[in-house]
Amino acid sequence: MTFDWQNPYRTARTPVFARNVVATSQPLAAQAGLRILAAGGNAVDAAIAAAATLTLTEPVSNGLGSDCFAIVWDGSRLHGLNASGTAPGAWNPDYFKRKHNGVIPMRGWDSVTVPGCVAGWSALHEKLGSLSFEDILAPAIDYAERGYAVSPVVQQKWAAQADVLQSLPGFAEHFLPRGRAPAVGEHFVLKGAASTLKRIAATGGRDFYEGETAHKLVAHAQAHDAAMTLADLRNYQPEWVTPLGQDYRGYTLHQIPPNGQGIAALIALGILQNFDVASRPVDHPETQHLLIEAMKLAFADVYAHVGDSRHMSVSPEQMLAPDYLAARAKLIDMRRAKLFTTGHAPVGGTIYLTAADRNGMMVSFIQSNYMGFGSGVVVPGTGVSLQNRGHGFTLEAGHPNVVGGGKRPFHTIIPGFLMKEGAPVMSFGVMGGNMQPQGHLQTLVRMLDFGQQPQAACDAPRWKWNHGISVDIEPDMPQQVLDALRARGHLLEGLEDPYMDFGSGQFIWRLGDPAVDGYVAASDSRRDGLAAGF
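Here this note's numbering is used: the first residue of the sequence shown is 2, the next is one more, and so on.
By construction, these hints were calculated from the structure, which means they are not laboratory data.
Fair warning: there could be bad hints in the mix.
Claimed, not checked - No more than 30 Å apart at the CA atoms, straight line, and that leaves these computed lysine-lysine pairs for DSS-like:
# : residue 1 : residue 2
1 : Lys217    : Lys100
2 : Lys339    : Lys100
3 : Lys199    : Lys217
4 : Lys199    : Lys128
5 : Lys128    : Lys217
6 : Lys98     : Lys408
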């Protein structure tokens with residue numbers, strides 16, 4: 002790829018060129034990963050170090066009670082890891098009808114599935130890591146013990162959630178230590194996290210699922226009449242999977258297969274294969290209209306068919322069949338926004354990071370508590386804030402995503418990986434609920450169809466489809482694009498949720514021989530992020 006290295010969009014950031022790179026949504030985490038690379042660790046070691054640090058320095062999006070997914074190029078082949086948690090064994094539709102009048106709660110213990118991220122770190126380390134677990138978690142333990150100064154975007158999202166979550170078990174005690182969200186630059190220490198991280202490091206993560214931490218989690222759950230048991234934790238295992246692929250313009254985009262929504266980006270790209278996308282400028286109204294309509298078609302199928310892959314009646318291969326996608330492409334009207342049958346899109350809070358080393362290992366990694374801080378539940382004495390992924394289930398009988406014990410819920414978080422003719426090209430991701438496949442689509446089209454370099458593709462104004470014909474548009478989108486989209490019937494709306502935004506991406510593109518040419522990296526200016534390397 003020959004990029005145009007100019008950046009036509011407003012930004013304070015330039016691409017980073019190095020042979021060892023970490024890009025994350027919070028600077029201290031990127032530097033934690035870089036410390037591990039400088040100490041002789043590989044990209045997997047660096048990714049785990051950064052992920053563990055982010056549970057502390059960006060708690061508004063993830064925590065020790067998160068889930069995670071990863072795609073790793075180990076130098077010779079691609080690996081996929083699904084470390085999303087499963088429902089407690091006692092969960093079924095009757096459980097929620099009996100306890101919650103037929104609703105799966107958005108917050109509290111009955112929104113919490115088994116947290117998968119610690120097991121995910123352990124699985125990555127055992128299979129592909131090089132340094133000891135204790136060395137890898139040392140930077141995070143240091144921040145857990147000594148604390149850190151809260152960064153600006155993290156503070157903004159912290160304050161936006163404080164009123165909603167302050168009454169949930171353990172939240173105010175841990176995250177509102179002075180009765181409010183910390184100010185920008187204010188020192189914060191997450192109580193109990195250092196001890197928990199030390200136990201995780203010493204046991205290769207097993208303490209979280211069967212040791213002291215596990216017993217504290219279960220005791221807290223039982224004290225709040227929740228279903229989580231020690232057996233639910235002890236029996237949990239992440240799953241190594243084969244990533245799905247979709248060809249586009251000579252490249253292949255890879256995603257983790259369902260229960261995640263990554264297949265939405267693959268479907269949309271497969272639909273766009275049937276159009277000459279580059280025949281108009283990237284910021285032309287018809288280009289953006291086409292991308293929006295392709296994305297809407299993709300979500301229509303995803304919300305109807307995707308859940309735990311063991312319970313889907315339509316396979317990913319059927320959803321990605323070229324003839325089927327060509328037929329779907331014919332539904333697009335270039336003159337008019339169309340309404341495709343679908344459910345409402347979920348929202349969420351997530352961290353994404355990527356790391357690459359001089360030996361060619363590349364890691365695409367994503368970790369999330371789902372809706373910002375997640376369930377709002379924080380287990381005393383542990384610093385563990387728990388995700389609310391259970392809210393992603395449905396109670397609709399017969400749906401592949403209907404709640405059930407041991408099932409994985411529909412998941413929004415998706416790491417992306419780009420290949421060309423069997424060789425690695427880019428590890429990347431864009432966080433933010435249903436914005437994630439939309440961000441993958443928009444940034445990839447900018448890079449592959451129009452040659453925009455990663456930082457420019459990252460900084461370009463974005464849209465976010467919500468439901469029906471409703472689309473949020475960033476303020477920097479050219480006025481002629483807004484006018485033309487409205488003329489085609491799109492309902493353009495302002496973003497009302499103070500937590501949600503238009504996603505935040507991290508990108509590492511391989512330039513050639515990693516030991517000689519290295520990589521170019523970008524970090525999204527919509528968060529506090531940093532791409533750092535040497």
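For each hint given before, does the structure comply? Return the numbers of the non-compliant ones in rising order.
2
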